[in-house]
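Novice: In the order they appear, the protein sequences are chains A and B. Residue 27 is where the first sequence starts when you use the working numbering, and the numbers rise one by one after that. Residue -1 is where the second sequence starts when you use the working numbering, and the numbers rise one by one after that.
Some clues are possibly wrong.
Stated by the list, open to error - Cβ-Cβ distance ranges computed for the label pairs, FRET-style:
#1 B/Asp597 with A/Ala42: 28 to 38 Å
#2 A/Met245 with B/Glu168: 36 to 46 Å
#3 B/Glu113 with A/Lys226: 49 to 59 Å
Claimed, not checked - Below, simulated DSS-like cross-link-like pairs (lysine-lysine); rule was C-alpha separation at most 30 Å, straight line:
#4 A/Lys77 with B/Lys106
#5 B/Lys159 with A/Lys197
#6 A/Lys106 with A/Lys125
#7 B/Lys158 with A/Lys164
#8 B/Lys158 with A/Lys129
Honestly, the hints are just simulated from the structure, not real lab data. Backbone N, C-alpha and C fix where the C-beta goes; we use that ideal spot for every residue, glycine too.
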Amino acid sequence: MLYNFKSQAIVAKARAIYGRRLTEDDYKQLVMKTSVSEVCAYLKNTDRYSKILSSVNERTVHRGQVENLIRRNNFRIYEKLYVYDNKSNDDFYTYYLQKVQIKEILNAIMFINAGKDDDYITSFPAFLMAHSEIDLIKLAKANTFDELLGVIKNTRYYKVLKPFAKNGSTKVDFLACEKALYTDYYKNLLEVIQKSYGKKTAAELRQAILMKVDLYNIMAAFRMRVMFNIEPEKIISAMIPIKNKVSKKQMDELLELKTAKEMAEQMPALAYFKDIPQIHSGSIEASVRITRGKAFGHLLRKSASAPVIVYALLELLETETQNVTTIIEGVRYSITPDEIEQMIVTF
Amino acid sequence: MSIEKMSFVTIAGPTKDLDKALCISYDTQAFNLILDKEGMINKNPVRNDNNPYGKLISEALRISEGLNLKIERKYKNPKISDIGSTEEYINNLGKTYDSVTEKIAQNKDFITEHENIYKLIKHLAGLEVDFEDIFKCKMISIRFGRMPVDSVPKLEYYSKKDFVYISFDEDEDWSWGVYFTSKAKKQVTDSVFDSLYFERTHIPEFLKGNASDSINLLQKMLAEEREKLASAQNKLKELTIQNKTKLADAYALLRKMAITHEISDAAEIIGKSYYLSGYVPTRKLNWFINKFDKLEETVVTMQAQNNENEPSPEAEENSPPVLLKNNRVIKPFEMFVNMYGLPSYDGIDPTGYFAISYILLYGIMFGDLGQGLVIALLGFILKDKFPLAPIMSRIGFSSAFFGIIYGSVFGFETIITPFFHHEVIYKFLGYDSPPENLFQIANVLIIFALFIGVFLILTTMAVNIGVSIKRKSWGNAFFGANGLAGFILYASIIALAGLQLGLGIKVASPLYIILLIILPLVVIFMREPLTKLVTKEKNFDEEKQSVGSFIGMGFIEMFEVGLTYLSNTMSFLRVGGFILSHAGMMLVVAQFGGMNAPDPKIGVGTIIAYVLGNAIVIFIEGFLVGIQVLRLEFYEIFSRFYVAGGKQFIPLGNDFEI
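Hey, can you work out the whole structure from these sequences and the hints?
Specialist: Encoded structure:
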């Protein structure tokens, strides 16, 4: 009874946060801005960002600072909802923290491979330090993969990444690490869902997560095949091996294609893109993001289950953060409003 | 309660007088101009660069917005006529306004900048060192400022770099502090702090002494600047008061000039003469013509529209516009009629009928003396701010009147004796003792509601018969489901049900059934052929209908007629329902206020419950009943007789967007 009451309260809270999202009209106004400070000034006047950016001086603000503040706020929303819905034995809610940690480990690996510089420390989320099981400062200081393994020794990620350690070599296979971490993450998540929730909630969450995996694999197929011309076998080996609505045959057919135009023509045959109008060579990535945005928006509006709604909300907040980042980048590099608008996902 | 008769008028004169003629027509607000080149007119002269008054209007609007003066964008008698001095006035006012607002902006900038310095220095309040001494250091560089709190733990990453950061204060987002570094490492350290979004605050040279001294000095400077800001803001307020009327008059003149200029470009010019044609309400015709006496060479000719013997060719092409003529009590209800659609010029104005039935139904459904008077009072207070306000004041009185009958004052039912407590009434209703409350006479209320419905439906059918005869729509008047046949059929069924089934009075006889029920049914069934017979009309376009299809269609239509009669009558049950729902809601309020207890005591809680409860009931039920009555009017009444399709009478210039 109490849990049901709390659950309804979370649903209401999450939907209220969703209700304050940026609207299509906001995006139309934002893409017309000509500087980061103008974007920031506009955001300060919206319901969602007025408090987050209230103390920021829009005349001197830096792009990275705006992004950090938004990401910190997203994390705080997660924290609040997590605390509110912290059922006993509910491991599911730690998924967001795990996801952010994996992202940081991958960032650290990328910087180690590229030759370490101080940019990483600027962008890394300090708000996570109090919550993370990893010492993030030590992670930032790690100069080799072995040092990195030392930092994560007492976490589940150590076991996953240990096989990639090569004596003497500083560089590791980033794609293999990424696949291993995400495979472990999603498999664990699916198990937790099955154990923690009733049939309906578990089914909704399962579908949402499997869709994310499918879209992740499709995006990987497009980037690796078209942008980097990698052989299909290698791409398949880098994909997360969890299948849902994209069959092996469909993925093989997709990977046979070499150009963006061919891939764009093939996409409507896949289950997720039937309702996306006119996918063309320049809009493949946008189509994937739109599909994801629409699906999570639908889930948030229609589901009655608190964990599903919170999951959808956090995904959508991330999409919105990406939108804002895209706009700031676009404005900064003088990309035309039309081009920026094409990359925006509304939900 | 009628539609104004219109006269078709043509104004003709030399082109040099065109602007003057347009200005006269504009000022009368009684001339609906008809132009062939209507589509060429830019209805927003501000957007037309060629309109000489566009920029001045924009400027007037900019100033009025800045001064918080709301300019009504509709016709207003300008009271001034000199356009030259108006132009000068707007330009001068613009300059004064700009100089005052610029001063305010400068004051605000100064205050913001010094407030930031103040905030920083305040965070250094514990620092007992003279700023001059700090800046005199030769080997050490010092930077004051703030950085995001998220950046502070990241400093640990740079533990081997040569700098020291001291945080003086922190809030949720920022850490205020200072960093020290050697002159040699200044560049590297600055770039580290830059990357961590450190925002440096320059300590002004005028700040001497330690932090406390500087705080005092800054407080004094800020206080002085705030005074200056307040004085500039007062000047702006004075400007607002001084120009309230003058700016509105200037705008009214500019509006008139801009509109007449736009129209003059589209007016019909033949040779050296102009021609303006349009409609004027017939009763204002002489007054209108006399207005042109000043223009000696201008001629106003008219052709009355109701002169059926000689209709003007122009008038045949353009159906006259519709202007409703109603007295002050009824006029506000024109809004609802317009919402449904204006009546056609040869139709009838239903506003009166609508207003009376609306006021009555509202009062019956929401009867409470206190709440009704509150609605009426709100209507008076908001009359210039809310379009529904004049309607509220009228229905509020109706609600108060029926509140007296129901004996309800803000939900208290003991102050006034309700109608059913009078012996004559309750005995007439069949009760031996007075019923305790409205719920005990629910069945009476339901029958009463049905009676209202029947009365209104029959009245509406009668109106439809009258309107149809006026429009010479004989089929509709005599053979339609809402015509004479329908009237007889419906009235007979209701009489049969009411008298025989309700009161047990025997009325049904073979003659009654045949003459008053079967015959009207047959007439309605045969409506089309009967209409053709009466009007001797032959419809060549229509495809020939087979007998089977005619009978089939006829039966379906008859079924629909029966169903409509039933559903329309039942629809009025809501009238009784709302009387009961109001009583029910007030019962809940009484329950919350503790007034339903055996020995109720009036406390603060009771007062709060009654005030809040009444406010909620007025807001929710007040609106709900208003909407339900509107629904009854539109669906059960208007749909029976009302033919919309009239064009609105628009006085010259009133359709412009300025």
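Novice: What are the numbers of the hints that this structure violates, sorted from low to high?
Specialist: 1
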